[in-house]
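Chains as they are written, first to last, in the numbering used here: chain A, 1 to 286; chain B, 1001 to 1267; chain C, 2001 to 2257.
Derived by calculation from the structure, the hints in this document are not laboratory data.
Heads up, the beta-carbon is just placed ideally off N, CA and C, and yes, glycines get one too.
Don't take each hint at face value.
What the hints assert, rightly or not - What the simulated footprint calls covered on chain C by chain A, stretch by stretch (three residues with Cβ under 8 Å from a Cβ of chain A suffice, anywhere in the stretch; the number is not a length): (1) 2041-2051; (2) 2143-2154; (3) 2237-2251.
To be verified - Just a sample of chain A residues kept apart from chain C, beta carbon distances all over 10 Å, derived: (4) ARG20; (5) GLY75; (6) VAL77; (7) GLY81; (8) ALA92; (9) GLN125; (10) ARG126; (11) ASP237; (12) ARG281.
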Amino acid sequence: MTVNETTTRQTTTVPMLSVRGLQKVYKVPGGDVEAVRDLTFDLAEGELVCLVGPSGSGKTTLLKCISGLMEQSSGTVELAGSNVTGPPKSMAVVFQEYGRSLFPWMTVRANVELPLKNQKVPKAQRAALVDAALKSVGLDHVPKSYPWQLSGGMQQRVAIARAVAYRPQVLLMDEPFAAVDAQTRADLEDLIRTIWKQLGVTILFVTHDIDESVYLGERVIVLSSSPTVVQEDLKIDLPAERDQLNTRALPHFMELRSHVYAEIQRAKLGPVTEQITAQRRASLPE
Amino acid sequence: MRKRRRASAGPQARALGLGVSGIILFFVVWEATPRLGLVRERYLPPASEVLVRLGRYLGEASFWKDVADTMTSWALGLLIATVAAIIVGLIIGSSRFLRRATHTTIEFLRPIPSVALIPLAVLIFGTSIESTLLLVVYAAFWQVLLQLLYGIADVDAVANDTAKSYGLGPLARVRYVVWPTALPYLMTGLRLAAAVALILAITAELIIGTPGLGKQIALTQSGGAISSMYALVLATGMIGVLINLAARIIEKRVLAWHPSVRGEVVL
Amino acid sequence: MSPQKRVGFFFGLPILLILLWWALSFNSTNFFVPKPVELAQTLWATWVGDRFFEDVLPSLGRLAVGLFFAIGLGIVLGLLIGSTRWLRNLLEPLLEFFRAIPPPVLVPLLMLLVGVNDGMKVAVIISGAIWPVLLNTVEGVRAVDAVLSDSCRSYGIRGFARIRYFVLPAVTPQIMAGVRQSLSIGLILMVISEMFASSSGLGFTIVQFQRNFAIPEMWSGIVVLGLIGLGLALIFQLVERRVLHWYHGLKEITHDS
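Isolated chain A, as found in the complex (with noise of 0.2 Å):
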């Protein structure tokens, strides 16, 4: 059994996004549930990592104890060297349910504007933020509508202009484009890359799909299933412009893309022992 190695940059600065010992059991009647193990990883300032893994491998309980919305079991989660404990000031979250995640009674523009109003920001510094997001997502033309009126794709990119006007410095993104069609799929995929190459904003991507997966990241850490620690971090060193057409169709991809899936293939089939979580531990700084 070989694990594949990353080159984890060994830099002295403190990374963006530090994970460590992640674990957490939930308590339901008849006993306790370990969703989580351990996940020990780290994301570099401006990098954008996926992360992917088997259903039912936590990914949702672990973007849910990062993010501050809800308490590990054990372990520390640090958002540039601070201990996250509620919801961090500088993160932000992108919901696989857009639907349910925009308010319904408020205008796209209102929603977007929302958590800077919150956060008292001046209004002509505000407008100024809304338009930039919503001219970078694509939808500067219906600041007037309401989410409901608008199409699947649509409103998923109402919420990641809320989350681009907000200006955070981790953005995290929980499936978000599980629930759209393919094609609309494929063009958010490019936007978010082009996003984050505009805004040089950290992106933790989760994903249960393979393909976007390599084809978004820098990045892919491999989860196992329940309960969950990391399987492996893969970097994907595919060139840094990439498109759709071009990018999927080149050999490198391929490989990757097999690598992750008999990956994930391994990871189906049980827990992971001891020793690959030992291994992994020791070649991270502390």
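Fit chains B and C to the supplied structure of chain A, relying on the hints for placement.
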């Protein structure tokens, strides 16, 4: 409230414990308020006095006769109203023309408060049970009818058309397509009607003086038997609670298969 | 639907019924049932004039005040109780009990505690009309969307802002459903409090007519009550349509899909 089992036996037991303490707290406050002189004892007897009187009532035959009178007009009125509403509802609901034609009439008649009929009831029926029935039936009828009409309107057109194309006649369609869709609405209507029927039954007894708990409450109040009055108020409240509970239990049983009652299981 | 058809449906059945009534009562000497023309005349004669200002307006005024406080308190308390879990658990059995007490029963009770005056009548209205709004609000707060709640938390929208931008708008559909019930309960209680314990007001007047066997006047009173009920329903519909235009739009879309 000790947790006997691990984990999630806790929160439910805690909720129950809080609920019970709420009730106890209420009675404590009720007991203290007149005793501390915050309100004249004449107007608000202490809880203990009222509870004792209520206990005595439970042993008196006249009390149970009043309960029976109230419950009889309640049940009878509810029954008549439900049957009438189902018949009218099915007739109206079965045809788009009828639905449209009756819409304004229903919207006009519906908001008329049933208490407006009190003088009429007194005039025609005096203080006999028919007076109460007039009010109860009128109020309960609308509750059931409206919910039933909502339910019939909610029938999936595709399902209905499919049934038609398979040669199911109107009666069969009612049984297999309309009824299952409308049933939850009907249950809601019944639950609302049951509560409204109690209110109107008591109202009729209170104002008109037909025999029942409402009449007794009016008598005790005018006669100065204040603890008795409060005891009877508690009794009607408890009957109301029992009716609500029964309606909910029946609703759950009848609709056990229905997704709206089953609820989602979210992990 | 063409405008003629629409008008036809709107007025058709009512006009038909009125004509039927007129035809049947044409030659009758029935003491109890008035004739349509006679009723209309009596309606005008009885209610337009002094009586409107002495009885009807004060009654409506009490109703308005009672409903205002019932709805206001219902919303505020409902938000508070719905958002605080321990408070909700503490009060839930009590609230279930209080809402089950048939409101008319509180008339003699409040007569005792508050006396026979305007305050009592308003208190009666409040004590009955508050429950649908209160309980619906509590239910609504419990059932707010979890994803939307998480979005608010992750963007740091807390406390008063959370209530203003999230909870309150989200609960408004339930509040409006409660308000609709409150309106009819309030009206019923207004009439009952006046029939039972009053020497003025709409309810009292109608009962007086009945006691004095002034039948057409009594009927006219019933019609007035019906008109008030209708008026309230219309006002409610107008307000609801404005306040919940987003909700109706949303329901249309999700219902079709």
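Cross-check of the supplied hints:
1. 2041-2051: violated (count 0)
2. 2143-2154: holds (count 8)
3. 2237-2251: holds (count 4)
4. ARG20: holds (21 Å)
5. GLY75: holds (20 Å)
6. VAL77: holds (14 Å)
7. GLY81: The claim stands: GLY81(A) keeps its Cβ more than 10 Å from every Cβ of chain C (closest is about 19 Å).
8. ALA92: violated (7 Å)
9. GLN125: holds (17 Å)
10. ARG126: holds (14 Å)
11. ASP237: holds (32 Å)
12. ARG281: At about 29 Å from chain C, ARG281(A) clears the 10 Å cut-off, so the statement holds.
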